[in-house]
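Protein chains: 2
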Amino acid sequence: MGKVAVNSPAHRPLVSTAVYLAPSVKFPLQKRGLGTIYTPPLARLIEQLQRLPSVGPKTAQRLALHLLKRPDAEVENLAQALLDAKKRVGQCQVCFHLSAEPVCDICRHPQRDNSVICVVSDPRDVIALEKTREFRGKYHVLGGVISPMDGIGPEQLTIQPLLHRVSQPEIKEVILAISPSVEGETTTLYLGKLLQPFTKVTRIAFGLPMGGDLEYADEVTLARALEGRREL
Amino acid sequence: MGKVAVNSPAHRPLVSTAVYLAPSVKFPLQKRGLGTIYTPPLARLIEQLQRLPSVGPKTAQRLALHLLKRPDAEVENLAQALLDAKKRVGQCQVCFHLSAEPVCDICRHPQRDNSVICVVSDPRDVIALEKTREFRGKYHVLGGVISPMDGIGPEQLTIQPLLHRVSQPEIKEVILAISPSVEGETTTLYLGKLLQPFTKVTRIAFGLPMGGDLEYADEVTLARALEGRREL
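Going down the list, the sequences are from chains A and B. Letter by letter, the first sequence follows residues 1 to 232 of our numbering. Letter by letter, the second sequence follows residues 1 to 232 of our numbering.
Source of the hints: derived by calculation from the structure; they are not laboratory data. Possibly wrong hints are sitting among the right ones.
Any copy, or any two copies together, can satisfy a pair, since identical chains are not distinguished.
DSBU-like cross-link-like pairs, simulated, lysine-lysine; straight-line CA separation at most 30 Å [to be verified]:
{"no.": "1", "residue 1": "K200", "residue 2": "K172"}
{"no.": "2", "residue 1": "K86", "residue 2": "K193"}
{"no.": "3", "residue 1": "K86", "residue 2": "K131"}
{"no.": "4", "residue 1": "K172", "residue 2": "K58"}
{"no.": "5", "residue 1": "K58", "residue 2": "K69"}
{"no.": "6", "residue 1": "K87", "residue 2": "K172"}
{"no.": "7", "residue 1": "K58", "residue 2": "K131"}
{"no.": "8", "residue 1": "K69", "residue 2": "K131"}
{"no.": "9", "residue 1": "K86", "residue 2": "K172"}
{"no.": "10", "residue 1": "K200", "residue 2": "K131"}
{"no.": "11", "residue 1": "K200", "residue 2": "K87"}
{"no.": "12", "residue 1": "K86", "residue 2": "K69"}
{"no.": "13", "residue 1": "K58", "residue 2": "K193"}
{"no.": "14", "residue 1": "K172", "residue 2": "K193"}
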């Protein structure tokens, strides 16, 4: 091998390869003495992509190089979709679900049942429930769960507007669909007490998931499944 | 459960759940009779994100909802980085690596060795080699490998400009660093014959990867390792 071009191992600093390679992998713009690895606009794109959840340096590089190969229009469409969604998507004034209109599509829909409200903590719960196509009522997005450790009390959630909605005479049932974590249970119990004076309050069932194996279910889930048993 | 709001199973159409749920998952904008699942700007963002490699509907939804929660400036930076990289990053006129300048950082660097050229098929090979910090020469990016099945002959690659570079008197060595696929081997052999009249031509070593286990190496790799043995 040409000695002019290839560093012999003896000239390498005495650090392990892992430590030695890490800086260039983590900070693509960093100067290396022999020029930058990525040309600056590419380095900035990789840096920005790395901010996305579960996108590391390797995935960011792969996405960036993929996008450089695509037609201009495709990259412009993605950039425009980003700006457009960020600018236009806000919260529905009634249910606090994501919406580009002041009142969301679900709240405005004439064929949906006004008398039932399903309370969830997050907009992605609305999306998950809508995908089942089982529910024809309306929603209410709390924006989180009661969590004193994180400084989130009832005032930080959309509980006042919920109370206002539930106090309307047409409401026949409120379904609480909040994940059964410690904070979720607290929120469910709190809302149950708060709303029971106004209407019937139910909560979704917890038990074995479909296709689940009784033998391998954890004890809390099994206890919940027994407790929630129904007559055939 | 309130009969008003929840469809009983008897009213569901007679198709399996998998088929029944698929449309709303794949085409988020599709009307469902009870309103759209995603508000239109969000649906368009999810559609655009799904075009990225190995990003499916679930990941696209997760990325989109993550971005909606981030500050405006962060989303604007990402959109700007996309447009900027697409607009400014082209090819180096000398080596055809990705570059925002007419001649790339590596080709312009005064401390790099002009007498050695490492030939690779793709810009990401340059990035991988640069990360080793072992090579101080220059590169040449072919833009692919010879593949008659895909209609890629020597004319479709940057072989003419390579020939011009290699014919310069300062060139002492050309290192061929092309992945050992069938097409890669063809390209290596073709370039070897073409360039040997001008200068010394070498190729990178193939053999056991570091940390690899001899017992589990495939036969071709082992044969290559034997063939490429060196005196201690």
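Results of checking the hints against the structure:
For the identical chains of this complex, K200 and K172 are intra-copy neighbours only, at 6 Å inside a copy versus 86 Å across copies, given an alpha-carbon limit of 30 Å. In this assembly of identical chains, the alpha carbons of K86 and K193 never lie at most 30 Å apart, being 37 Å within a copy and 56 Å across copies at closest. For the identical chains of this complex, K86 and K131 are intra-copy neighbours only, at 23 Å inside a copy versus 36 Å across copies, given an alpha-carbon limit of 30 Å. In the homo-oligomer, the alpha carbons of K172 and K58 never lie at most 30 Å apart, since the shortest distance is 53 Å inside one protomer and 34 Å across protomers.
Proximity of K58 to K69 under the C-alpha cut-off of 30 Å is found in both arrangements, the shortest distances being 17 Å within a copy and 24 Å between copies. Proximity of K87 and K172 under a CA criterion of 30 Å is satisfied in neither setting, with 36 Å inside one chain copy and 57 Å between copies. Taking the shortest Cα distances, K58 and K131 sit within 30 Å of each other only across copies (12 Å), while inside one copy they are farther apart (33 Å). Taking the shortest Cα distances, K69 and K131 sit within 30 Å of each other only across copies (22 Å), while inside one copy they are farther apart (34 Å).
Neither within a single protomer nor between protomers do K86 and K172 lie at most 30 Å apart by alpha-carbon distance, with minima of 36 Å and 55 Å respectively. Proximity of K200 and K131 under a CA criterion of 30 Å is satisfied intra-copy only: 25 Å inside one chain copy versus 64 Å between copies. Neither within a single protomer nor between protomers do K200 and K87 lie at most 30 Å apart by alpha-carbon distance, with minima of 38 Å and 59 Å respectively. In this assembly of identical chains, the alpha carbons of K86 and K69 lie at most 30 Å apart whether taken from the same copy (26 Å) or from different copies (9 Å).
For a Cα distance limit of 30 Å, the shortest separation of K58 from K193 qualifies neither inside one copy, at 50 Å, nor across copies, at 35 Å. For the homomeric pair K172 and K193, the shortest alpha-carbon distance inside one copy (16 Å) is at most 30 Å, but the shortest distance between copies (84 Å) is not.
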